[in-house]
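There are 2 protein chains.
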Amino acid sequence: MSLSNSNREIIENAVKAIHARTFFAQYPESPKAYGEEASAEGLKLFNDQLGKKFDQLHQQDPVGWIGEEVSPYTLKPLGITYPCYETDKVIVRAGRAFDEWRKLSADDRAEVLIEALERIKARFFEIAYATQHTTGQSFVMSFQASGPHASDRALEAVAMGWEELQRFPSSVTWEKPAGKGVIKLEKHYHAVPKGIGLVIGCSTFPTWNTVPGLFATLVTGNTAIVKPHPKSVYAIAIVVAEIQNALKQAGHDTNICQLAVDSSDKLITKKLAEHPLVKLIDYTGSSVFGNYVESLPGKSTFTEKAGVNSVIIDSVADLAPVVQNLAFSVSLYSGQMCTAPQNFFVPAEGVKTASGVVSYDEFVKAFVAGIDGIAKHPAMGPGTLGAIQSEATVKRVDAVKDIATLLLESGKVANAEFPDARTLSPTVLEVDAKDFGIYENELFGPIVLVIKTKNTRQSLELAREMAVKHGAITCGAYTTNDEIAKEIEEEMETSFTPVSFNLTGGIFVNQHATFSDFHVTGGNPAGNASFTNPDYVNRRFVWVGHRKNG
Amino acid sequence: MSLSNSNREIIENAVKAIHARTFFAQYPESPKAYGEEASAEGLKLFNDQLGKKFDQLHQQDPVGWIGEEVSPYTLKPLGITYPCYETDKVIVRAGRAFDEWRKLSADDRAEVLIEALERIKARFFEIAYATQHTTGQSFVMSFQASGPHASDRALEAVAMGWEELQRFPSSVTWEKPAGKGVIKLEKHYHAVPKGIGLVIGCSTFPTWNTVPGLFATLVTGNTAIVKPHPKSVYAIAIVVAEIQNALKQAGHDTNICQLAVDSSDKLITKKLAEHPLVKLIDYTGSSVFGNYVESLPGKSTFTEKAGVNSVIIDSVADLAPVVQNLAFSVSLYSGQMCTAPQNFFVPAEGVKTASGVVSYDEFVKAFVAGIDGIAKHPAMGPGTLGAIQSEATVKRVDAVKDIATLLLESGKVANAEFPDARTLSPTVLEVDAKDFGIYENELFGPIVLVIKTKNTRQSLELAREMAVKHGAITCGAYTTNDEIAKEIEEEMETSFTPVSFNLTGGIFVNQHATFSDFHVTGGNPAGNASFTNPDYVNRRFVWVGHRKNG
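So the protein sequences, as listed, match chains A and B. To convert, note that position 120 of the first sequence is 120 in my numbering; the numbers rise steadily by one, no gaps. To convert, note that position 177 of the second sequence is 177 in my numbering; the numbers rise steadily by one, no gaps.
Keep in mind the hints are simulated off the structure, nothing from the lab. In this text the structure is predicted, and so the values were computed from the model without any measurement. Do not take every clue at face value.
If several chains are the same, the list does not tell them apart, and a pair holds so long as it fits within one copy or across any two.
Claimed, not checked - With a straight-line cut-off of 30 Å between C-alpha atoms, the simulated BS3-like cross-links for lysine-lysine are:
no.: 1; residue 1: Lys-469; residue 2: Lys-270
no.: 2; residue 1: Lys-395; residue 2: Lys-89
no.: 3; residue 1: Lys-279; residue 2: Lys-469
no.: 4; residue 1: Lys-486; residue 2: Lys-412
no.: 5; residue 1: Lys-16; residue 2: Lys-103
no.: 6; residue 1: Lys-231; residue 2: Lys-270
no.: 7; residue 1: Lys-180; residue 2: Lys-365
no.: 8; residue 1: Lys-412; residue 2: Lys-352
no.: 9; residue 1: Lys-248; residue 2: Lys-44
no.: 10; residue 1: Lys-395; residue 2: Lys-376
no.: 11; residue 1: Lys-271; residue 2: Lys-52
no.: 12; residue 1: Lys-231; residue 2: Lys-248
no.: 13; residue 1: Lys-401; residue 2: Lys-454
no.: 14; residue 1: Lys-266; residue 2: Lys-184
no.: 15; residue 1: Lys-376; residue 2: Lys-401
no.: 16; residue 1: Lys-184; residue 2: Lys-486
Full structure from sequences and hints, please.
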């Protein structure tokens, strides 16, 4: 077995795209690109799975079947159950499978993983419905995020790993002149995988946030245990099943990639994470648990935690497209994205525009109106805001409404297709710059804070401070002044936060493009890793060079 | 300023060498290559410095002058004092200098650092005498290790960093098709340095173990604080002074690289290491302190700690060159190398040779005779064994002689040039495979353990277990059987330990060649970093990409 020509072309194109960082997508993001029948077929598969055992995994002898997923759109349980296993058994199987997988070449592993991605592609629509009815994302977002965007991220990780594994020659003859003679050694170099990788998923992006670490772990020769969030299993279960199918087809042990499901009242994450054979941990979720993961001795960890993303408003050419863009950014999936902006720093002295200064109050009014407009728009509202994944988010929104001046109150988002959906339009609160006790927390969900500052200088200082202390994945900035833009970029860069300037139209601060944008930098408390820089794959294996008297 | 043609050639050749991993040396290891006068000039500079203040640093306002170096060859204090500073002042200066250094391009930084290496080259002989009279290494070893070999390792780190910093384009135009139009963003990517790097030196290899981390930290845009071992300052002080001269010549803040000297009774290492602005820590030394360094939250650490290096004896073509090679390996600098082999696993059933089986006893006898022969050889002895750096090593040798069967007792090594030298020939002890309590410790210094095993299978198991539990930087193996060689390599590789097979003649398991051998793999408890793999430089900076509406 080795890398087929067509798969070699895929991976080589991906490597080129990583280096070029221009637009590239192996998997088109438009549902239409997948044929007219695909959506209906996906929906049928989804409906057929509801209320049944998910029996597609090649993992033997479960000790039980569990499942607790509930659709945020219908508030009804999906009724799907997944096999569960003794954690020790999962570890033993991963350890045994490691012995086989670690010995394969980069080409051999890439072949299996790209085959798996092709299999996953055939199930994008089922994955989309699975994502929609576990996360509350809209259908289109579910499709794009869990389907093509996730698979592109997986491919990116495979390509980066494949390239790094071949960074050094597999063998050389080393000849050192010594007096009249020469000392000769035959040397060879192995990229040795570290062991078992645990990949801990989150409830809101069950595949997008999981597959980069999963495929990075696998391509570098480690075996993987995927521990999904108990409320969001279905989509990643399909991914694992297809990886297992690709492994099986190639004649490999399917335990090279296992799914380890648990339940909310009996979580197995810590037991897995602390096992001495688990050497790699990928994690997306809360800062508290992420910090615990990072503190575990002897593990290489890759975390994405909470952060507070800021938008700095200084000056704009034209107000309307800016507030429209920002209103969409906070509305998209009701602020349940790690990249959603939360803190909007607006100067008390107003916002310069091409047609004069817009006062602070006018700006805020336009921004609030934009948010309210999207939420109340019958067509755009439900498709943009989706539903709320967790009851905890509903409680959080309820709890914050009294802590500051309420500019816009949360309400239901009318959804004709799913009248029972758990929805919430954004709450907008006005906070003074002094009240950092409020805005220095991540308020996950549809909560927007407008922070009145003295001026842009103060806005920048606060945005930077938030990123340094609490982490930030992204930062938006609006200024027509090149000097100020430079200052914002330089200052935010010292907190390792990327800045997006003057976004309007069809591109939003929430979106990080595969092959071009590094997602999370790894430099501030929002996470210690980045999709996908070289470090993201290099920390998963060790270079070992052997020598032999030649 | 940018990279001059000649320095660009140096760095490009180094990059090529890193990738090719064949023999390469920018700095010849033979003292003769540096001209007839160089040694005498270096000795004069050394003698002139003795008993005086080291006043070559561009660091203002010391609070005192301290020094406690003692020559292992004369047992007399060198009498050199170095300026010392309030640690907070050192941090503040490093922080201020960071603002300048971080903004320079990879080319600009490389230019300064290669200029520094050229300046250091002009002082190789003084550095050699400084090393000899602080570490106890022989003159030739002092010259090679602290001079050309160290500078080649520094260049390797600079070249690897320089390449990685340019891994991605500095700017691109990203154009995504969207319906009939296109979304266009201007993006640029910065490799953002993490902050202040602390480089903690050791007493035995004051430059070789320090400059890789130091130059890696600097080329990636961080500022550096070098905290040498209080008993081994002089050699690295010259290195720092020349880096500062190169910085000054280029018009930069000399505090970009500072020396922070302390005294044994008032160490400042923890205070520096725990400072929040210190983001990188390079460390060589004991496992206890190395584990502490690794446990510090929020730091990227690069450690080289203790380990137990094994030699597995299975079968040899010819006995004499093997025992000669091994005897030299354990004698070189009296076992005070992190790469020195300590545990020799010899099967009770004897060692196969081309002329029949050599019994266990015969093998051990020949090995011991080889060691004894080197130590007692009037010319070879002192030049190979050098002197003992620390009184603690003398005490350790004294303490172990009763714990097992003494095969060879330590004694003085006659040294005509330095009759008062603190010398010790190797102690050789015989231990049973059962006595892992003895051989699972690093017994730093001239202590050799011969461990009698049932067979090669047991030897391998024990060698691997030691590496997994206690770390190993290297492993030697002798076998004429290709199957067994493969097994040894595969098994030791699971402990991330490189194996050198059948070394005889002028190459020894202790030696790791720059541009070809990874020194320490980073995969076992002997250390978490490797000179120099991509990870060694990548963990010192963060990729941040900014976007602008195009």
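Contradicted hints - numbers only:
2, 4, 7, 8 and 14
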